[in-house]
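All chains, please: the whole structure from these sequences, using the hints.
Chain residues, written in single-letter form:
Protein chains: 2
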Amino acid sequence: MHAEVIAVGTEMLLGEITDTNSQVISEGLAQLGIDVYYHSLVGDNEQRMTETITLAASRSDLVVISGGLGPTPDDLTKQVVAKYLHRQLVVDQEALAQITTFFAERHREMTPNNRIQAMYIEGAQSLPNYVGMAVGNYYQNPNGADFLLLPGPPQEMQTMFEQVAKPLLAKNYAGQQVLTSRLLRFYGIGEANLVTKLADLIDQQVNPTIAPYAKDNEVTLRLTASGSDEMTDQKLLDELETKIRARVGEYLYGYGEKNSLPAVVVQELTERGLTVSAAESLTGGGFQTAVTAIPGASNVFPGGFVTYAAEQKEAMLKIDEEVVEQYGVVSEQTAIAMAEHTRQIVGTDYAVSFTGAAGPDFLEGHPAGTVWLGLAGRDIQTQAKLYHFSYDRQHVRNSAIMAGFGLLQEALTTENFKH
Amino acid sequence: MHAEVIAVGTEMLLGEITDTNSQVISEGLAQLGIDVYYHSLVGDNEQRMTETITLAASRSDLVVISGGLGPTPDDLTKQVVAKYLHRQLVVDQEALAQITTFFAERHREMTPNNRIQAMYIEGAQSLPNYVGMAVGNYYQNPNGADFLLLPGPPQEMQTMFEQVAKPLLAKNYAGQQVLTSRLLRFYGIGEANLVTKLADLIDQQVNPTIAPYAKDNEVTLRLTASGSDEMTDQKLLDELETKIRARVGEYLYGYGEKNSLPAVVVQELTERGLTVSAAESLTGGGFQTAVTAIPGASNVFPGGFVTYAAEQKEAMLKIDEEVVEQYGVVSEQTAIAMAEHTRQIVGTDYAVSFTGAAGPDFLEGHPAGTVWLGLAGRDIQTQAKLYHFSYDRQHVRNSAIMAGFGLLQEALTTENFKH
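These protein sequences, in sequence, are chains X and G. Residues in the first sequence are numbered from 1 upward in steps of one, following the numbering used here. Residues in the second sequence are numbered from 1001 upward in steps of one, following the numbering used here.
Just so you know, nobody snuck in bad clues.
To list a few chain X residues with every Cβ distance to chain G over 10 Å, as calculated:
#1 1
#2 72
#3 114
#4 132
#5 143
#6 206
#7 259
Covered by chain X, according to a simulated footprint, are these stretches of chain G (three or more residues, beta-carbon under 8 Å):
#8 1016–1030
#9 1070–1080
#10 1096–1109
#11 1295–1302
#12 1386–1397
Part of the chain G face toward chain X, derived, beta carbon under 8 Å:
#13 1011
#14 1036
#15 1037
#16 1039
#17 1284
#18 1286
#19 1289
#20 1308
#21 1309
#22 1316
#23 1360
No wet-lab data here; the hints were simulated from the structure. Even glycine gets a Cβ: it sits at the ideal position worked out from N, Cα and C.
What follows is the structure, encoded as structure tokens:
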């Protein structure tokens, strides 16, 4: 059972908007255990639409198309698919009545094109549109690929897909294997290194599969199992995760698509009743912004400082100006003083400090990306750590912010830190 | 001259991430006058990649592929295209030296896979990657379609496409009709309102075209002219912009894809030799992070405070605790005190303060989204303004941050503010 997803719309070929529908549809099909092998995108052109649909139907069991159901003359999807299937378009009287009422109530003129929005391919099911006018179509083809036609506007597409189409697909293609996936999140190890450490597991992958993905400052592994039911899948995933943990468990910080290292650290602080503050130079408040982006951050974070200029490090944090003068702003000593003073002033369990060169220019002779982080804690000796981040200013800042969470996470989870 | 854009990556077929590269590439090709007829998306599967590439090369003059150049075993794009072209892969020694240095400097282990990132198709041009490791490829094919291979990570792809590939394409496919576009950025007016004020211009659009687009907290208008050369296009764009300015000029704050209200405000402060500080509660440092994201921010921003807890507003900013107790944290009086005290303590020309309920919970009886902003300035009376933002926590915070820049922008550009 293979599906193919097609998006229709010239505006996407011109790069004016991004096709997000195909991603949403693919995600939903994966949940139903339906494999997707191709996405295509084609403009509002009858000939090229016909070619694309013909190719898709020749190599897939189900063709899902979004877009081209609207009321303008360049909306051709239903017409092209009907022609391909040698079928007529017929009117969904209920949908037509709704459209007519809509215009009457608003005292607006209904155009002949609006009538087309209520039409569907003879022999197909007309799918109601709860947030727009154009009906969808689901055509089960005894002689070839099935077709599912959905509207293009993302909200209309999503509502129809979730509420109307997915239950139909689940019913008609039941008995497919169920796909269950688990996302593991790693910090502190690069993609190439992670993949090398897991090389044999990745080479041997059949079920579950292992898909590494490098994001900004972290790497994720998506494990996907395929079985008769979710419980079987979860057991397969557990077994594979155990093997992965044995090799790179120290870098695994959390699970799931909506998770992040800041979220995990804030949750850990909350559970243990601990607080944190910060003094930020090159990151300009980014660490504190990330902490406070998490709902409930007020339990762990009372406040902190953005000490961008050297004199503000002295003024706000009461750091001896001789420390900054003797060792420089980008130094172990300044990072340590910033962290310790901040912790004392704000009265928190931990304080993290950030000082360095974000770029693009050198700072005190240090190239962009040279960053010192400090961590002061109630029960630990204050530490400072030197980093060399790369690429551009934004990446240096983001890397430093994540490193701050990494330091805290390390302090929270290992005893090694206390030495 | 027709191009076809292909994205490679199984994670996109599974719906885990959205392909944004194809949109960016299509937009760039449109600017060069190169028509795009199809997008395709295929997984990391040699057979299906070969089929997709073969089809694309059979119907297009240029095939642009993003993704599959990374260091993992499922990155196959270069290998598949080389095989299709009956060519070998050869090493770009310069790129290899850079990759080797990168790992050596960081004392990290280089894997054999990293070496593949420095390889290119024999006879192609190896395209440097300024923000990552994998080189791109541009292969001019005397016997068929040309190929342009770009990396998958969006930042790497965009940098290589803009800085390296587009100039090559412009040179090699000259003589096409030139598309020139201009992006106008608006703050303080919603999309529906903007479109209504420009309704007749939008209805009559032929050349230039007008494409409105609502982003988070701002609206953009893309004007696109099509002519024989860029100068003709620019003249058409100037004429249309003059008409637009006459109606909604007060909301127009800047131009261009890479611009932002924070960038415009920081530049304005820089040019006038003025400085700003901030005290942030609900925004948690986000305003200061946005200020310092702009290179050169140290000229205008010495530092500021994140006063998340009420007691830190008193401790850090020396605000009379009676003000907070009597009027509450979410109040005009607290916003004013925060701004005035911050300006005095840090000694800047301006200070902006942020206090309110980010959500999801109520704060002091105020629903999420209730936000007071304060603005103190050397020559102006301190102002506080009440906002009611909506949607979720992140949107409330972002809206408040942008409103802070809006207030500053207003103070910097109008005399009305001084009353």
